[in-house]
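*Asks:* Here is how the chains run, residue by residue.
4 protein chains.
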Amino acid sequence: MAVIGFLGLGNMGVPMVNNLYKNGHLVKVFDLLPAAIAKLERLPVTKSASAMDAVANVDFVISMLPSGAAVEDLYLGGSALLSHISPKTLVIDCSTISAESAKLVAAKAAEKKIAMIDAPVSGGIAGAEKGSLTFIVGGEQADMEKARPILMSMGQFVMHAGDHGAGQVAKICNNMLLAVHMIGSAEALQLGVDHGLDPKVLSNIMLRSSGKNWSLETYNPYPGVMPDVPAGKDYQGGFMSKLMDKDLNLAMDAALATESTTPMGALARSLYGLHCKDGNAELDFSSIQKRFKK
Amino acid sequence: MAVIGFLGLGNMGVPMVNNLYKNGHLVKVFDLLPAAIAKLERLPVTKSASAMDAVANVDFVISMLPSGAAVEDLYLGGSALLSHISPKTLVIDCSTISAESAKLVAAKAAEKKIAMIDAPVSGGIAGAEKGSLTFIVGGEQADMEKARPILMSMGQFVMHAGDHGAGQVAKICNNMLLAVHMIGSAEALQLGVDHGLDPKVLSNIMLRSSGKNWSLETYNPYPGVMPDVPAGKDYQGGFMSKLMDKDLNLAMDAALATESTTPMGALARSLYGLHCKDGNAELDFSSIQKRFKK
Amino acid sequence: MAVIGFLGLGNMGVPMVNNLYKNGHLVKVFDLLPAAIAKLERLPVTKSASAMDAVANVDFVISMLPSGAAVEDLYLGGSALLSHISPKTLVIDCSTISAESAKLVAAKAAEKKIAMIDAPVSGGIAGAEKGSLTFIVGGEQADMEKARPILMSMGQFVMHAGDHGAGQVAKICNNMLLAVHMIGSAEALQLGVDHGLDPKVLSNIMLRSSGKNWSLETYNPYPGVMPDVPAGKDYQGGFMSKLMDKDLNLAMDAALATESTTPMGALARSLYGLHCKDGNAELDFSSIQKRFKK
Amino acid sequence: MAVIGFLGLGNMGVPMVNNLYKNGHLVKVFDLLPAAIAKLERLPVTKSASAMDAVANVDFVISMLPSGAAVEDLYLGGSALLSHISPKTLVIDCSTISAESAKLVAAKAAEKKIAMIDAPVSGGIAGAEKGSLTFIVGGEQADMEKARPILMSMGQFVMHAGDHGAGQVAKICNNMLLAVHMIGSAEALQLGVDHGLDPKVLSNIMLRSSGKNWSLETYNPYPGVMPDVPAGKDYQGGFMSKLMDKDLNLAMDAALATESTTPMGALARSLYGLHCKDGNAELDFSSIQKRFKK
Chain A
175 MAVIGFLGLG NMGVPMVNNL YKNGHLVKVF DLLPAAIAKL ERLPVTKSAS
225 AMDAVANVDF VISMLPSGAA VEDLYLGGSA LLSHISPKTL VIDCSTISAE
275 SAKLVAAKAA EKKIAMIDAP VSGGIAGAEK GSLTFIVGGE QADMEKARPI
325 LMSMGQFVMH AGDHGAGQVA KICNNMLLAV HMIGSAEALQ LGVDHGLDPK
375 VLSNIMLRSS GKNWSLETYN PYPGVMPDVP AGKDYQGGFM SKLMDKDLNL
425 AMDAALATES TTPMGALARS LYGLHCKDGN AELDFSSIQK RFKK
Chain B
175 MAVIGFLGLG NMGVPMVNNL YKNGHLVKVF DLLPAAIAKL ERLPVTKSAS
225 AMDAVANVDF VISMLPSGAA VEDLYLGGSA LLSHISPKTL VIDCSTISAE
275 SAKLVAAKAA EKKIAMIDAP VSGGIAGAEK GSLTFIVGGE QADMEKARPI
325 LMSMGQFVMH AGDHGAGQVA KICNNMLLAV HMIGSAEALQ LGVDHGLDPK
375 VLSNIMLRSS GKNWSLETYN PYPGVMPDVP AGKDYQGGFM SKLMDKDLNL
425 AMDAALATES TTPMGALARS LYGLHCKDGN AELDFSSIQK RFKK
Chain C
175 MAVIGFLGLG NMGVPMVNNL YKNGHLVKVF DLLPAAIAKL ERLPVTKSAS
225 AMDAVANVDF VISMLPSGAA VEDLYLGGSA LLSHISPKTL VIDCSTISAE
275 SAKLVAAKAA EKKIAMIDAP VSGGIAGAEK GSLTFIVGGE QADMEKARPI
325 LMSMGQFVMH AGDHGAGQVA KICNNMLLAV HMIGSAEALQ LGVDHGLDPK
375 VLSNIMLRSS GKNWSLETYN PYPGVMPDVP AGKDYQGGFM SKLMDKDLNL
425 AMDAALATES TTPMGALARS LYGLHCKDGN AELDFSSIQK RFKK
Chain D
175 MAVIGFLGLG NMGVPMVNNL YKNGHLVKVF DLLPAAIAKL ERLPVTKSAS
225 AMDAVANVDF VISMLPSGAA VEDLYLGGSA LLSHISPKTL VIDCSTISAE
275 SAKLVAAKAA EKKIAMIDAP VSGGIAGAEK GSLTFIVGGE QADMEKARPI
325 LMSMGQFVMH AGDHGAGQVA KICNNMLLAV HMIGSAEALQ LGVDHGLDPK
375 VLSNIMLRSS GKNWSLETYN PYPGVMPDVP AGKDYQGGFM SKLMDKDLNL
425 AMDAALATES TTPMGALARS LYGLHCKDGN AELDFSSIQK RFKK
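Residue numbers (our numbering), protein chains in the order written: chain A, 175 to 468; chain B, 175 to 468; chain C, 175 to 468; chain D, 175 to 468.
Honestly, the hints are just simulated from the structure, not real lab data. It cannot be assumed that every hint is accurate.
Which copy is meant is left open, so a pair is good if it fits within one copy or across any two.
[What the hints assert, rightly or not] In silico EDC-like cross-links for lysine to aspartate or glutamate, where the CA-CA straight-line distance does not exceed 20 angstroms:
id: 1; residue 1: 286; residue 2: 247
id: 2; residue 1: 286; residue 2: 337
id: 3; residue 1: 407; residue 2: 303
id: 4; residue 1: 468; residue 2: 452
Just need the whole structure built from these sequences, with the hints factored in.
*Replies:* Following this line, the structure appears as structure tokens:
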């Protein structure tokens, strides 16, 4: 059992705290929004009055925030949270942010002798709820091993990507590739349907052939092909298009930083940008299928 | 045991004939190029003097040609080959051609009471050699079942896509999607490497996450990540870029025919077109990785 | 004064006939739709009962139809119209169709000793009404010169592009480029506006710099920058997005025919395809600006 | 006559200094590289020993540097150059950098009561040499008017884009659009040539039609169409592809900052990135034409 300070109670944070509690950890939670904390009302976790309270005397601090600006503000901003964290505490940031932000905060933590890892997740809200998240970790391997039992309380895989920031890089490379094959799958399915093929039959064929990919296998974007995926529920739930859009923006930022060329990634970013501007920001990202319909 | 007339002895045709022979079938072969026939010199198959000879008194005719023009010329051209095929013979065209060509030839065959299916393959030269091809079939299901034992002599899967031409449509949908995730995988790997990640580590992470796809799983384009793939042999062997380019042209033709929108597929077509024009036409299609290198 | 048979009374055909009449020519018109002919009720031109009637005993036949299929059907279809046209008559097809269709029909006409030119137009409905069209001509230069006075009755420029079909190729090259700089202009204007710039100021700057192009100069897509353009009238009137979409499809067909690589053109085709599927097919093509709005 | 401190003696800076001198101004120059200063050996301008010397007691400071990092380092870095500039001096930064950098430096200057404008240029080395540059200005209009006579010594147009940073935004919007129509023109020309058209004839047709744009009009990328452009000199001279690549990276940075969607701009960035990685970074940007050749 560990004592954990958990910061950030959004759609991901709440089920993650739930799983930490279920696995016997003592959790102290905080969020800037009282309404967010209220979502945990019935769960016997400590509702801290401030971030500072939540991080006092804990074994681990976990943060799950929506942006690099929020992470920088939390740890480096006015409240100087790092000054309130003991060097014995391991800080785990699970937010998806830029590698630059991750490196910056880890470096500032290091100045105060605080160990920190970046551990963004793959798996979405469903994965957070089922406790089947994948954590992609940047930082010292030894720190990752120390964090592993805690992370395994919330997920299934913990993988080391490299140094500080590498978890973030691997995460956005993955999500850029995901966006590319999701759109590619949607186009291929529609092209087949436009030629009279049954999308189920075509999906099965491509899954047994070289077109196979995660989008097609577990998250088919064409309505009616798979049960229990967002495509079957008017694209409600799942991983919102605006979050994919955010990750693609991070990917493009990363590509600019190293002058990497990513034509498919850039086109995916454009298409999700247009999709969101068109009123689909809250729909699951597989709703890109709708664009190709006649 | 069946008697089979096999037309077209290219890189795919030769190993396919080999596997038919190994599985006990009697094969009569023909190719317009004597040099192609010479490749089968040592194999005790009948070298026919003409396509007409090869298709006389056989249970099945199989054709494996490089283009729709070649297929139309063979069956509908000057030699009027269809007039030399018995209605008892089932014609199996394994070439990758446009759905329009496939439908046209099948319709002309039907006028002469000859049953025909389109059965383009997935799996490449390696699949042809190992006898592990996937056949994607368009035409009557009963005809496919009749052809199944023959096809299973050369492959592992036989899947029904729909009516005449549907095999072709499914094949090019699949290959368009393959091109999309191959390029996407190459971009993602290079983006990670540019940020200091190890391509093996990043590949493993994405294979256990939502970026997973066939290119990454069985055909990693980054040199040094997987043994025994073209990326490890200077992109020699495998599925040539010019063949992917051809399939993408077929996909774009299909998209124009139905006014389908395929932004990712169109970009993939442009990138493979540029890649081939740049002198890489003979390299394996995973060589697209080279373009992204710094 | 010439005697002219005019076939095809759509949005372009009607004002073209008007200008022919105004310039003193004797015009015999026909359209498959009686309603189309009715639009010319008050104009003292001969309403023929059939295409055959319209082309009998004329100096020139002019056709202005919506597609290659329509042109092939008119000249080569069941009514065998070419058999009803005298070798003394010069046939001018002003439709925008594929080069292949244009060549085919011209070749069939040549078999009957009938001279034909392809003369697609640039300038849209406004140009047809003002008599300021540009004709881009493929075929014999001598035939173009013979046609010139007639074409100048409807336009301002007559330019020779090359052999039969070359008029069509030049037209679609031009329109592909137009689509590219229209979208590019829309993106650049929105990017500036998103950063707080005044779209008028930015337009002026780019018009005096290297970003200058026809879209920006005469057809600014950002509402409020120029008076009397579709952007100022909710994108009503002008050149409909679906017509641009059609021309981009022709451009892609042409690119496939010669295995030319056109990444920008292909992306433009995708974006106009999505735009039309999204309910904007009837709006002027500068309405692509709307997609980029926040 | 004014006294001017000029910092940055690259390919642009040297001819700009030349023109300032020719127009009777007293110029004090500095560059971090002695070799750069040496290029002005024969010109009777003052070679300062440091940036601080160059900016002492002058009416204007002009900087022309290769990147935002260089500009920030110059004005805000270790030497604290702003502390050595009198509030009576007007600072004109002609570098092409991000709007963020431009705003930051201007704000820091304002803290020291120093007026500053951003005035990036359009026109390239040729424009710098001929004194025909266009200056696109961000900052106070009054400051621009004060700078106008100096700028007109080096150019032909001075245009106000808006507030601090707006000059940079307008410049990169323009250059993004330029890249888009340059590539579009190259594609259209090659598509025509692939269909047998003469590139001169096609260029003339498009220049009189709606495809018209600056690239086609003054900088035709197809070899042999225009004299005295880089296309006629193996793409030597002119505006290097790597500089276009840099500007497109700035455009993408700007698009990410405001979450603007620029599909054409993003594709242009990818294509120039690939072009540069392929060994063409030093060639004029119209060399993108080469990629489309068969």
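*Asks:* Hint by hint, which ones does this structure get wrong, listed from lowest number up?
*Replies:* none
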